[in-house]
Amino acid sequence: MREITLSQAVNEAIAEEMRRDPTVFLMGEDVAEAGTPFKVLAGLVEEFGTDRVIDTPISEPGFMGMAVGAAMTGARPIVDLMFGDFIFLIMDQLCNQAAKTHYMSGGKLTVPLVLRTNLGATRRSAAQHSQSLQALVAHIPGLKVAMPSSAYEAKGLMKTAIRDNNPVVIFEDKLMYQDKAPVPEEEYLIPFGVANVKREGRDITLIGTSSMVQVAEKAAEILAREGISAEVIDPRTIVPLDEKTLIESVKKTSRAIVIDEGHQSYGVTAEIASRLNEKAFYHLDAPVLRMGAMDVPVPFSPALEDLTVPTPEAVAEKARMLCAGEMIHAAE
Amino acid sequence: MREITLSQAVNEAIAEEMRRDPTVFLMGEDVAEAGTPFKVLAGLVEEFGTDRVIDTPISEPGFMGMAVGAAMTGARPIVDLMFGDFIFLIMDQLCNQAAKTHYMSGGKLTVPLVLRTNLGATRRSAAQHSQSLQALVAHIPGLKVAMPSSAYEAKGLMKTAIRDNNPVVIFEDKLMYQDKAPVPEEEYLIPFGVANVKREGRDITLIGTSSMVQVAEKAAEILAREGISAEVIDPRTIVPLDEKTLIESVKKTSRAIVIDEGHQSYGVTAEIASRLNEKAFYHLDAPVLRMGAMDVPVPFSPALEDLTVPTPEAVAEKARMLCAGEMIHAAE
Amino acid sequence: MAKAKTNTEDYLQMYRQMVRIRTFEDTANQLYLSAKMPGLTHMYSGEEAVAVGICEALRDSDHITSTHRGHGHCVAKGAEFKQMFCELLGKAEGYCRGKGGSMHIADQSHGNLGANAIVGGSMGIATGSALRAKLQGRDDVTVCFFGDGATAQGLMYEVMNMAALWKLPVIYACENNGYSEYTKTEEIAAGSITARAEAFGIEAHQVDGQDVLAVNALAAKLVARARKGEGPFFIELMTYRYHGHHVGDINREYYRSKAEEKDWRENRDPIIRFRAHLVAEGIASEEDLDALNAQIAADAAEAVAYAEAAAYPPAEEVDMHVFAA
Amino acid sequence: MAKAKTNTEDYLQMYRQMVRIRTFEDTANQLYLSAKMPGLTHMYSGEEAVAVGICEALRDSDHITSTHRGHGHCVAKGAEFKQMFCELLGKAEGYCRGKGGSMHIADQSHGNLGANAIVGGSMGIATGSALRAKLQGRDDVTVCFFGDGATAQGLMYEVMNMAALWKLPVIYACENNGYSEYTKTEEIAAGSITARAEAFGIEAHQVDGQDVLAVNALAAKLVARARKGEGPFFIELMTYRYHGHHVGDINREYYRSKAEEKDWRENRDPIIRFRAHLVAEGIASEEDLDALNAQIAADAAEAVAYAEAAAYPPAEEVDMHVFAA
Ligand SMILES: Cc1ncc(C[n+]2csc(CCOP(=O)(O)OP(=O)(O)O)c2C)c(N)n1
Ligand SMILES: Cc1ncc(C[n+]2csc(CCOP(=O)(O)OP(=O)(O)O)c2C)c(N)n1
Ligand SMILES: [Mg+2]
Ligand SMILES: [Mg+2]
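Residue numbers (the working numbering), protein chains in the order written: chain A, 55 to 386; chain B, 55 to 386; chain C, 56 to 380; chain D, 56 to 380.
This is chain A alone, in the form it adopts within the complex (with noise of 0.2 Å):
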C-alpha cells in the first residue's frame, strides 16, 4: 500500500469530503495561501477556492461563534486552530454554545461542525504552544473528541468527523505531520468509538491516546525482548469511548497501563484507569498506572522539556514493576 505523511491524510481527507459535499467549508488563520503554518492544507484554496476555505483574522472566538451559527443554519464547517493552547480561548464558544444546542433546543437544531487542532510537547515551543488539552473537552458532553495515531488514522477519523452531525473535536500530533504510514487509495472511514488493537498481547495491556500509541508500542518491544507480552490498544476516539474492548483486554492480561501526553492530574488517564478499575476490578492483579504529562506547564528548555513525557522506556519500567508484582511494596 501507499504511504503518505499524516498531513497528507488530512489534507486528502478534507479534500474528498469538501468534493463530495459542497456546504463543506474551512476557516482559521492562514488556511488559505499559506496552507496553515504546518502545511496541512497546502493547495486546497486552489482547488475550492477563496469562499470554502476562508482565512480569517486572528481571532479564534469570533471564528469559532461563527461556525457554530453557520453549522445551526446548514453549513459544515471545519474550523482551523492553529494551536490546541488556543482552544482556551474558545471554550465559550465550543462548551456552552455548540456542545450544548442540540441539547438545549430538544434536539430541534444541530451543530455539525469539525475544530481541528493539535496537541504535543517537545518541540521547544514552550508552555502556551505545548499542551495537549483533550482532557478539557472530553468533559463537556456534547461534544465528540478523536485522536488520531497515525496518518491512518487522520484520514479515516477526518472522515467521519466530517460527516458527523455534531462538533467534534480532532487532536493531530504536531511531531506526526510528517510520518508516513500505509493509506489505502480507496475511500475509507474509521468509525468513531471502535477501539483498535495494535498489538496482541497476555502479560499487560497498555491504552496509549494519539502518540502515545507509539510509545506504548516501543515499550511493548523493549518488553517483548524480555519475555513480557504486552498488548497496546488505541482508543482512536476518546469520546466516544469503546470501554468494552479496553475492558476486554485487562480482563485477559489482569494489568494495564494509561497513556496519554496531557497533564497526568485530572486528565484522560485518569478517567480510563477508573471504568478499567470499576469495570475489570476483579480481574486485575495490581492497581491500573497512569502516565500523563507531568503536572508542570511546559518548560521551554530542552533539558526540562523531554522529563515531561511519557517514553517508551518509561512505560516499559513501570509495566516490569506492574508484571513482577513490586507495586504491592512501590504503592504503599
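Worth double-checking, as some hints may not be accurate.
[What the hints assert, rightly or not] List of simulated lysine to aspartate or glutamate pairs, EDC-like, C-alpha gap at most 16 Å:
hint: 1; chain 1: C; residue 1: K189; chain 2: C; residue 2: E285
hint: 2; chain 1: D; residue 1: K189; chain 2: D; residue 2: E285
hint: 3; chain 1: B; residue 1: K213; chain 2: B; residue 2: E241
hint: 4; chain 1: D; residue 1: K189; chain 2: B; residue 2: E239
hint: 5; chain 1: A; residue 1: K213; chain 2: A; residue 2: D105
hint: 6; chain 1: C; residue 1: K222; chain 2: A; residue 2: D105
hint: 7; chain 1: A; residue 1: K93; chain 2: D; residue 2: D194
hint: 8; chain 1: B; residue 1: K162; chain 2: D; residue 2: E148
hint: 9; chain 1: B; residue 1: K306; chain 2: B; residue 2: D339
hint: 10; chain 1: C; residue 1: K189; chain 2: A; residue 2: E70
hint: 11; chain 1: C; residue 1: K222; chain 2: D; residue 2: E242
hint: 12; chain 1: B; residue 1: K213; chain 2: B; residue 2: D75
hint: 13; chain 1: A; residue 1: K93; chain 2: D; residue 2: E242
hint: 14; chain 1: B; residue 1: K234; chain 2: B; residue 2: E66
hint: 15; chain 1: A; residue 1: K162; chain 2: C; residue 2: D374
hint: 16; chain 1: B; residue 1: K93; chain 2: C; residue 2: D304
hint: 17; chain 1: D; residue 1: K283; chain 2: D; residue 2: E148
[As the list claims (entries may be wrong)] Which stretches of chain D does chain B cover? Using the computed rule of at least three CB atoms under 8 Å from a CB of chain B, they are:
hint: 18; segment: 146-159
hint: 19; segment: 187-200
hint: 20; segment: 290-300
hint: 21; segment: 372-378
No lab work stands behind these hints, which were simulated from the structure alone.
Glycine is no exception: its CB is placed at the ideal position from the N, C-alpha and C atoms.
Place chains B, C and D with the ligands on chain A using the hints.
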C-alpha cells in the same frame, strides 16, 4: 458558637482580609452597590469604597486579564465571576496566563489572585448557568482549587486563598449561600491540602466535594440506620489534594465512593478514584465507585434536572451494593 | 424586497405582535409570582417596538439570534404561545421539549436560532448564519439582538470585523435599555456605541426604540440593502425595560428611580403611542383594538392553562439529544 | 516629568539601543541557522525605532508587556545580552531560568512583564498593571506592545473600554508592520485601527515607526500626560519586519514581494536614518558610531559564547516554580 450563612462567611473573610492588606481589591460585575446578584458582597463597597470594590462592564476575559496584570505588579485582586459557567470565557487568561506566569518566568513573577465563582445545578437555571466546572481548572498546573462545603470552610479557605501567592479558584455552591453553620468569631484559616474527616466509619469511605459533602453525610445517616458505618471525607481543596488522608481511610474501610457535582466523565471523581486505586489497591475489597453529574448538559425542566445530580439515596444504594459485594456481578 | 409596513393589515399586525409580547410577559410574570414557573426570567415589557419593528421586516428564512431577555424576539419572529409557555414551564411540548427554558427558547421553524444565557454569546452565531447565507448564495438576512451590556464583550468586535471584511448580510441590533443588570450604561460603556461599529467601516444608525414605525422603516430599508450585499449594518435602539433585570429584581430604587420608570411607562410606551397613532389615523377604532387585546388575553390564558396541564418530559429524555444521530 | 530626548547622550543611547536590538537579532538568527537554538523565534529587525523610541520615554518602574516578537522590547527596556541569550538557549542563567524561552522572556527588574505567545494575550495584563498603579496612587505608566494582527482579538476592546472608563495610565502601542503572519493587514482589519480606539473615547495617534525621534517625542508627551492621569492613549506605529514571520519563514514571495522588502530596508531603515541624522547634525562622527557598533558586536559575541557554554537547568528544576511559596 454563632451560626452564619455561607454568604456571610465569604463576606466576612473578604472584609477581614481587605482590612488587613490594602493591596487586596475586588472586581466583577455588579459587585459594588448591588453586592452581586447573590448579595454575597453586600456592604463591602460602603466600607472600602469604589476604588477597592470595582464594578466592571460585562467583560470577563478583560477583567480577568487585568487581574493578572494587577497581581503581577503588586496587588491581590479577587475576581468575582458571577456564574461558574462563565469560566469558559476566561480560560485563556486563567490557564495560559495566570497559571503559567510563575513557572515561565523561572519563579520571578508571581500572580497572587483569587477567582471566586460558583457551581451547582437544580436551580432551574438551565445549561449555561448550572455547571460545575472544577475539573477543568484542576487539570491545569499552576492553579489551586478550593471547594468549600460549608460556611466554616468558605471563610477559612477564602482567607487562605487571599494570602496565597498563586492563582486560586474557589467554587462556592450557589444553593448553599443561605445555609448556616457554626463559624467562630475569632480569626482562623484553613490550610490548603488538608482533608477534613467529617464522620468516622469502618465499612466504606464516602469522599465528597462541596455540596456533595452534605449528600455524603446524608447517605452515611441512611446507611447508619442499616448498620453500615460510613466514613465521610471532605478534601476541601482538590489542588492540592490531600491524598494521604483519603488513602488511609480507604485502607481502613476497603471501599470507597467519590462524589462530585461536575460531569462524571473526565471529571474530578476519576482523578480521586484513580489515585485510590493506584495507592490503596491491595486493600480494596471492591472497586472504587464514582458518582458525578450525568454526562448531559443541565436540562431546564425540573422533571429532568433533578435526575442529573447524585442524591443521598443514590449514594446509599451504591454503598449498600459495594458492602454486600454485589459489585462483582454489577460490574461485569 | 422588503419595505416598511404601510397598509392596514401590516399596521394591525405590528400592534397585535406588540400586545402579544406584553401579554405574554405579564402572564409569565404572574406565573413567577404565583410560584408556578421554575427559575427566573427576564421580561421584555417596554421594548416591544424593537423586536416587532425589526422582525416584521423579516421573513421566515431570515434568522435571528436572541438573548436572555428573549421572549419578545421569539413572539415577534412568529412563535406560538402554547409552545412557549410549555417551554417556560419545562414541559415536553415546549419548543425545546422543556430542556432549554426561558433562557434558551428557540424556534427554528421561524428562523429563531435561540435565546442565549451568555451575554453576547450569540454574536458569533448570528454572524456565522450570515456567512452561511452568503456562501450558499442565499439572500437571507440575519439579525443579531443584544443589549447595551453586551457591547462590553470582545466577541462583538471580532465578528463585526469579519462581517465588515466579508460584507455579510447581518444586522447588529443593540437594544440599549440604559442598564445592564443593576448598572447604568454610561458607567460601563466608554465613548460611543455607534462609533465603535463605524470604526470597523459598518454603517450605524440610532433610532427611537419606542417608535415601532421608525424602527420598522429603518429595519426594512437596511434588510433590503443587506439582501443585496450592502451589509453589515448596526442599529442602536434606545429603549427601556419596565420590570427589574429579572422577575426577582423588585427593589430597584438603589439603581434607578421610580420617577424614571414612570416617565418611560407613561410617556413613551410603544403600545400606547402606536395605538394612539392607529386611532388618530383612522386605521382602527378603540373598539377594534380592545377586541384584539381581549382576543390575545384569551389566547394567553388558554395557552397557560394548556401548558400547566401538559406533561413533563419523561425521565428517559434526560440523556436524549446529547448527540444528534 | 519625561520629555523627548534631546541631548547628545540621549541621542546616542537611542542609537545604541537600536543597534543593540539589530545585533541581538542578527546573532539570534545565526544561532537558529546553525541549529544551535531550540525552537523558532520571531525577529524584531526593522522595528527598532518603535521599541526604543517608546522605552526611552519610560523609567524602570514603568511597565511594559511584550509579544511573541519580543526581543526588541526586552533590550529596549534595559535587559542584558547575556541573560537574554541564555534564555534563548534554554540555560539556567537566562532571565527565566530557561523555562520561558524567546516567547516568554521577561525581565521584571526593568519592568518588562514578559513576552507572550498568545497574540493579544498581554492586553489585559498591561491594563491591569495600569489599574494597580492607579489604585496604589503611583504615577507609573504601562505600555502595551502588540501587532496589527492582535487588533482582531476582542480582548483589546474589552480592556480599552475599562481603561477609558477609569482613565488608566496605559498606552496601547500597535506595531503595524503590515502583516500578521502571512496575511496583509488590510485583509484582516476592516475600517480604521485608530478610529477603533477613538470610539471608546481614547485619544489615538499614528506615527512613522521608522523615525525614532518622532516616536520618542510622541511617547514622551503621552507618557507625561498619562502620569498626570490624562490617559489612556493609543498609538499606531507604522513599521515593517525585515525577516519572515519567524526565522523559518524563508520563502515569502507568495505573500510579499522582494521589492517591497528592499524598499523598506534601504529607504526607511530606522538605524540608517537616525545615523545619518546624528552625523549631519554633528552629534556623532561616523567613526564614533562605527566604534559603538563594534563594541556592541563584541558584546553580543561574548554574550553568545557565554550562553553557549552555560549550563542547562538541572533536572530537579522541572517541577520547581509551578507554585510560588
Ligand atoms: C457572559 C455573561 N456575563 C454575565 C452574565 C450575567 N448577566 C445576565 S444579563 C446581564 C446584563 C445584560 O445587560 P444587557 O446586555 O444590557 O441586556 P439587558 O438585560 O439590559 O436586556 C448580565 C450581566 C451573563 N449571563 N453572561
Ligand atoms: C491567539 C493566537 N492566535 C494565533 C497565534 C499564531 N500567531 C503567532 S504570531 C501571529 C501573527 C501576529 O501578527 P501581529 O499581531 O501583526 O504581530 P507581528 O507578528 O506582525 O509582529 C499569529 C497568527 C497566536 N500565537 N496566538
Ligand atoms: Mg441593557
Ligand atoms: Mg503585524
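### Message
Next pair to validate is K93/A with D194/D; report whether the Cα-Cα distance is within 16 Å.
### Response
violated, 48 Å
### Task
Sort out whether D75/B lies within 16 Å of K213/B, counting only the CA atoms.
holds, 11 Å
### Query
Are the Cα atoms of K213/B and E241/B separated by 16 Å or less?
Holds, at about 9 Å.
#### Entry: Given coverage of the segment 290-300 of chain D by chain B, checked by CB-CB distance under 8 Å (3 or more)
violated (count 0)
### Task
For the pair supplied as a hint, K222/C and D105/A, confirm whether the alpha-carbon distance does not exceed 16 Å.
Holds, at about 13 Å.
### Query
Between K306/B and D339/B, does the CA-CA distance stay at or below 16 Å?
holds, 11 Å
### Query
If you draw a straight line from the CA of K93/B to the CA of D304/C, is it 16 Å or shorter?
Holds: K93/B and D304/C sit about 12 Å apart, inside 16 Å.
### Query
CA of K222/C to CA of E242/D, is that 16 Å or under?
holds, 13 Å
### Task
Compare the distance between the alpha carbons of K162/B and E148/D with 16 Å, and conclude whether the hinted pair is satisfied.
holds, 13 Å
### Query
Between K213/A and D105/A, does the CA-CA distance stay at or below 16 Å?
violated, 21 Å
### Agreement of K162/A and D374/C with the hint, judged by alpha carbon distance not exceeding 16 Å
holds, 15 Å
### Task
For the pair we were handed, K189/D and E285/D, check the Cα-Cα distance against 16 Å.
holds, 12 Å
The earlier numbered hints that this structure contradicts are 4, 5, 7, 10, 13, 17, 20.
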